[in-house]
Amino acid sequence: MKTILILCLLTFQIFWYFGTSPAEEKTDENFASCRTCHTGVEAMDEDHDFSCVRCHLMPEHRRKVLHDHNRVVRHPSSPTKVNIFCGPCHRDDIRKLQSSRHWTLAGMINQTRFLWGAQPDPDPRYSAAPCSRLEKMPESPKTVRTPADLVDDLLRRRCFACHLGTSPPMANGMFRGLGCAACHVPYDNDGRHRGGDHTLKGKKGYPTAHKFCRPIPNRQCMHCHNGPYGGGDYTGKFQHDFHYSYRTPLANGYLPEKKYLMDHHGLSQDVHHQAGLFCVDCHDKKEVMGSMPVSGTGLSGVKIRCIHCHGIENSRGNDRGQSSSSHRFLLSGDGVRHCVPVRNITNPAHNIPGMEKVHCLGCHSAWGFMDYGPSFIRDDRRDLSRWAPWRMQSDESVATMFDNQGLFLGKPDHDGPGPWLMGWRFRRWEYLTLGKDEEGRIVPFHSRYQYRISYVDSNCRVILNNVIPQRGDGTGRGWAFMPYYSHTVQLRGRNCEACHGESLAAGIGLWGGEGPDLALTRPSPPVYPSMGLLTEKEKQTLIEKSPAYRKWRFKTLWRDYRDR
Amino acid sequence: MKPDSLISVCVIAVIASLLIFQEMSREKVTPDSMDGCSLCHMPDTDPSPSHPVGVMGCTGCHMGNPFARNKTRAHIGMIKNPGNLQVAGKTCGQKNCHPDLPGRVEKSLMATNRGILAALQNLWPHENAESVQDVFELIKRPAGRSLALDHYRKMCGGCHLWRSRYPDLGEIGKRGGGCTDCHIKELETPNSDLSKKSFRHPGLTTRISTDNCLKCHNRSARIGLSYTGRFESEGYGTPFTKGGPGPRRLSGGRFFLELPADVHHRKAGLDCIDCHTEKGVMGDGKTYQHQEEQVDTTCKTCHDPVIRTDDPDSELTRRLVQANGRQPTIRRDFFIMSPKGSPLYHLHVNSDGKMILYRKHDGKPVRFVRLAKPKIHQAAYHKRLSCQACHSRWVPQCYGCHETFFGQADQRGWLTGKKRPGRWVEGRSYLRFRRPALGVRTDGSIGPFAPGCQVFIEAFDAEGCYMPEKSSRHLVMASFDPHTTALKPPTCEACHMDSKVIGLGEGALKITDTGLIFNPVYQSARSGLGIDFPLDAFVSAEGRPLQLTSRPGARPFSLEELERITRVSLCLPCHDRYDDKIFCDFSVSFSRFRMGEAPCGKEAP
Chain G
1 MKTILILCLL TFQIFWYFGT SPAEEKTDEN FASCRTCHTG VEAMDEDHDF SCVRCHLMPE
61 HRRKVLHDHN RVVRHPSSPT KVNIFCGPCH RDDIRKLQSS RHWTLAGMIN QTRFLWGAQP
121 DPDPRYSAAP CSRLEKMPES PKTVRTPADL VDDLLRRRCF ACHLGTSPPM ANGMFRGLGC
181 AACHVPYDND GRHRGGDHTL KGKKGYPTAH KFCRPIPNRQ CMHCHNGPYG GGDYTGKFQH
241 DFHYSYRTPL ANGYLPEKKY LMDHHGLSQD VHHQAGLFCV DCHDKKEVMG SMPVSGTGLS
301 GVKIRCIHCH GIENSRGNDR GQSSSSHRFL LSGDGVRHCV PVRNITNPAH NIPGMEKVHC
361 LGCHSAWGFM DYGPSFIRDD RRDLSRWAPW RMQSDESVAT MFDNQGLFLG KPDHDGPGPW
421 LMGWRFRRWE YLTLGKDEEG RIVPFHSRYQ YRISYVDSNC RVILNNVIPQ RGDGTGRGWA
481 FMPYYSHTVQ LRGRNCEACH GESLAAGIGL WGGEGPDLAL TRPSPPVYPS MGLLTEKEKQ
541 TLIEKSPAYR KWRFKTLWRD YRDR
Chain S
1 MKPDSLISVC VIAVIASLLI FQEMSREKVT PDSMDGCSLC HMPDTDPSPS HPVGVMGCTG
61 CHMGNPFARN KTRAHIGMIK NPGNLQVAGK TCGQKNCHPD LPGRVEKSLM ATNRGILAAL
121 QNLWPHENAE SVQDVFELIK RPAGRSLALD HYRKMCGGCH LWRSRYPDLG EIGKRGGGCT
181 DCHIKELETP NSDLSKKSFR HPGLTTRIST DNCLKCHNRS ARIGLSYTGR FESEGYGTPF
241 TKGGPGPRRL SGGRFFLELP ADVHHRKAGL DCIDCHTEKG VMGDGKTYQH QEEQVDTTCK
301 TCHDPVIRTD DPDSELTRRL VQANGRQPTI RRDFFIMSPK GSPLYHLHVN SDGKMILYRK
361 HDGKPVRFVR LAKPKIHQAA YHKRLSCQAC HSRWVPQCYG CHETFFGQAD QRGWLTGKKR
421 PGRWVEGRSY LRFRRPALGV RTDGSIGPFA PGCQVFIEAF DAEGCYMPEK SSRHLVMASF
481 DPHTTALKPP TCEACHMDSK VIGLGEGALK ITDTGLIFNP VYQSARSGLG IDFPLDAFVS
541 AEGRPLQLTS RPGARPFSLE ELERITRVSL CLPCHDRYDD KIFCDFSVSF SRFRMGEAPC
601 GKEAP
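These protein sequences, in sequence, are chains G and S.
Quick note: the first sequence uses the working numbering, first residue 1, plus one each step.
Quick note: the second sequence uses the working numbering, first residue 1, plus one each step.
Bound-form chain G, shown alone (with noise of 0.2 angstroms):
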């Protein structure tokens, strides 16, 4: 009798243990067999044909029976879960990746917040993700008196949004993953699924297909380097100015169909783009994924150079062969083999003494984003009904706040903080100013860091008014031009003219650069001590034609004028 009741007991608290758990709702369904719904659904590649437990469920969960489809792990390689799902196999890489521009957004972050004044020099300390080198950045204090108050807040929930680890806009163009398959699984622009999964079939916020993709489109790089300074260039899309009255052109009465929160110009794209090189074919692994010590500067993690497939020496890895003195063959990612044109040394435009310090960009960029005089607000009001003319400026947040007619609809956050809203003072593609990058190359500089910022509490009273901030160094006002790789390369360059004899070229700005606009074409120093501007010396061989200069020019003149 004692055994039975016993025996009774332990048979129900096994049922009891295994069938129930606190947190789980007492349902019937079980969602355990995932292609009694999902059927259709494609292993993602050879390497990682799996059962679906073991990348979308935590160890913890993987029974017979799951009543909360809650548990599914969306995003298994999103920063907070790596380890767990990727981690087994891909320690390394992983580690590697932690290190990385991409998951720190360490020169983003260390320049911005040096410039508002928030740290005394611009040397990384802060990463956006747990990283073992770097802290974590701090979040802004609620009693904001100064630049440096709001700098964090900026950061978080204004550039971030482009970060490995949040969630895309759900926007034309902006649909990815989080962690790894923000490069490595596909997204559609519409993000739209298009696999084998009937239950998401057509469904928005989904992949293209539950595969991995290989090589890496370019789409997938733009759905967050879609902007100025990258992608924007290498495509050729140039955003249109942000009042609703640049909403141009309509077509057979319909408005453009936006993409990447904007409508765009179409400029000329980078010769590299039209030859259907990928971004990856230059920026592979090792530039991407880390690998490289962890550092704020620009270059630090690009390595590649023109002359790795250019030039006459030090070709890349990839090279398949030479076939003439003046061609080399360039297998690309997708298994298409380019002709590229090795650098023409006959050509005196390649051989003016004094140019080789000249960066390639120098002369075939062929334009560039120089985007002038960004002020910056963030405004807690209750009502931001003022912003509706501007409310088109590639940031999801300030887009949902208004209708298609401008109507104010209310704040994301009705009584938390407010959006961040900007403009710019004017922005020009065909502008060039020069300066000097960490290896004293001269290259393009963008007008990147030209801040102005208010402030406007939830009571209406302007806590920041139009205030430039100041350097964490104490050494003036936290403006900044940088070194800019435009991305537009073109086949012929620009003409001299373009630099020398031209005051914005040379750093004198524009017109001389006198009142509070044309001021803005005059450079700021860069963010690190290693850059510079160009020498007043440098700024008068510019603008004077030297008797060298005038002996070059008309050779190179001569040399295009009997060139057929």
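Quick caveat, the hints were computed from the structure, so don't treat them as lab data.
Just so you know, even glycine gets a beta-carbon here, dropped at the ideal spot from N, CA and C.
Please note that the accuracy of each hint is not assured.
[As the list claims (entries may be wrong)] Partial selection, computed: residues in chain S whose CB lies under 10 angstroms from chain G:
id, residue
1, GLU258
2, GLU426
3, MET497
4, CYS600
[Unchecked claim] Listed next, the in silico BS3-like pairs over lysine-lysine satisfying Cα-Cα at most 27 angstroms (straight line):
id, chain 1, residue 1, chain 2, residue 2
5, G, LYS555, S, LYS581
6, G, LYS258, S, LYS286
7, S, LYS488, G, LYS537
8, S, LYS581, G, LYS539
9, G, LYS555, S, LYS510
10, S, LYS510, G, LYS545
11, S, LYS242, S, LYS140
12, G, LYS551, S, LYS375
13, G, LYS545, S, LYS140
14, G, LYS142, S, LYS242
With chain G held as given, fit chain S onto it using these hints.
For chain S alone, coordinates are given in the frame of chain G:
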């Protein structure tokens, strides 16, 4: 006396006393006032010394009944704005005042808007049966089906002299009003209550402030803005100040940036009227179609004047000087006339031959240079260049004018003040101010061109359905003096080697002996524009015009001209002086160089 008679006398005396008392206490029209208006309205100041209220009264200008003492009767036939062109013939233009002026003004372009109407009707979707020549004709017509004229009624028609001032507030309310439009000295704060015994009367002046011109001339070519150093910006409203868009605003929700003003404004402080004569502005009685036919001044009028020793119209000179009231009394031995024969009474030539202009608004002397540097200005190879081609520092350029017509919404028309079906919404592609394209103007000279206008029309009917038959595009480049004069001209290379300045647009230019090779930056097809050339391209590298112009004969450079202009570039690295002999006959010089006969030709690679 009998008691009855005494009572009668007393009654008569009482009645008489009462009448006398009433008469004594009644306010009378005093010898100081000319008409009954002063019973209720007595301005503190006269409109101008030549319009004294005490002498002329009010009804001389404002009409109404000068004899009535009752408001309703007194106001019968009264005009609030005597300058209104509908009545100006009877008010300002009455026999002893300015009889010749209203008739001239009615024919002037600021009243007729002929140029604007012609451009719209020639280029936009239009019903020919509804064609009009000028605004006055259009005002009398009911609105029809023409999209061109509908656009005028609702968008352009706010700026002409037939328009009535009031009741709108702001800049729009101040536009129009006939003579008053220009001649008014606006009150800083408008009168709120005219019924008060004393109030401030707006002034009248011949020293017209630039601000008056800018009420209208801040649109279209933005000439008034450019002159004063303002560029209508891309509308960001930055920098944000006091928690919102900044204060550098224009009417209509626009914003501006600050660029270098015209040297005449910046250095000399000249107003528009210092160059633009009364004949040029009010017209000479003839009806013109285009502004360049009516404008009565050129750069050379002052800077390379024809100096006379006699005054062909001394009476007019005397009257103009008197009306201005600020000119110094100086003995004159030399006289300068405008192209249409107006005496330029404010220009003087010193005994040493130096030029002085006495500003019209304050009489301050401004010394200025006459056209000098003959080697530059009389170089034969530049004889077609207008002053503006070299001396305009910048030109506002608005690329891509996207006009959407929504038939299902309403919009107020400027001519009637009433809402009518159909709403226009304007958008644009992008703006620029640097380096405008040069081209050949209608008179054969070379000058700057800017979009004027590159119109893309999309029309929707009253049900909101797209109307492809009414949707169209026409891209037009127009030449005008941008009023951004600068002393220092650009370098040779800035024109001869700049792809945008010669009309190709931004891009990479290669000059070869078999032609120009050009790779443009702007890709219109990928910008969704449905055209196969860049928005900033006036002409192709093969010399094919890509856009229309707004005047007969106006055009971009031909292929031959493009090749001649760019060929000079080969020599400019060394030969960049105007007096360089190779430019005496460049074709010969170039041939010699090609044949190896020139000294430097031997060094050619």
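Results for each hint:
Among the interface hints, the one on GLU258(S) holds; its C-beta lies about 4 angstroms from the nearest C-beta in chain G, closer than the 10 angstroms criterion. The criterion of a C-beta within 10 angstroms of any C-beta in chain G is met by GLU426(S), whose closest approach is roughly 7 angstroms, and the hint holds. Proximity of MET497(S) to chain G holds as hinted, the smallest CB-CB distance being about 5 angstroms (cut-off 10 angstroms). Evaluation of the CYS600(S) hint against chain G yields a held restraint, the C-beta minimum of about 8 angstroms falling below 10 angstroms.
This hinted pair checks out: LYS555(G) and LYS581(S) have alpha carbons roughly 21 angstroms apart, not beyond 27 angstroms. Proximity of LYS258(G) to LYS286(S) is assessed by CA-CA distance (about 52 angstroms); at most 27 angstroms being required, the pair is judged violated. Taking the CA atoms of LYS488(S) and LYS537(G), the gap is near 24 angstroms; set against the 27 angstroms cutoff, the hint holds. Pair hint LYS581(S) plus LYS539(G) does not hold up; C-alpha atoms about 31 angstroms apart against a cutoff of 27 angstroms.
Between LYS555(G) and LYS510(S) the alpha-carbon distance is near 14 angstroms, which keeps this suggested pair within the 27 angstroms criterion. This hinted pair checks out: LYS510(S) and LYS545(G) have alpha carbons roughly 21 angstroms apart, not beyond 27 angstroms. Under the criterion of a C-alpha separation no larger than 27 angstroms, the hint pairing LYS242(S) with LYS140(S) is inconsistent with the structure, at around 47 angstroms. Annotation: proposed proximity of LYS551(G) to LYS375(S) holds, straight-line Cα distance about 26 angstroms (limit 27 angstroms).
For the hint pairing LYS545(G) with LYS140(S), the CA-to-CA distance comes to about 64 angstroms; that exceeds 27 angstroms, so the pair is violated. Among the hinted pairs, LYS142(G) with LYS242(S) is consistent with the structure: their alpha-carbon atoms are about 21 angstroms apart, no more than 27 angstroms.
Hints 6, 8, 11 and 13 from the earlier list are contradicted by this structure; the remaining hints agree with it.
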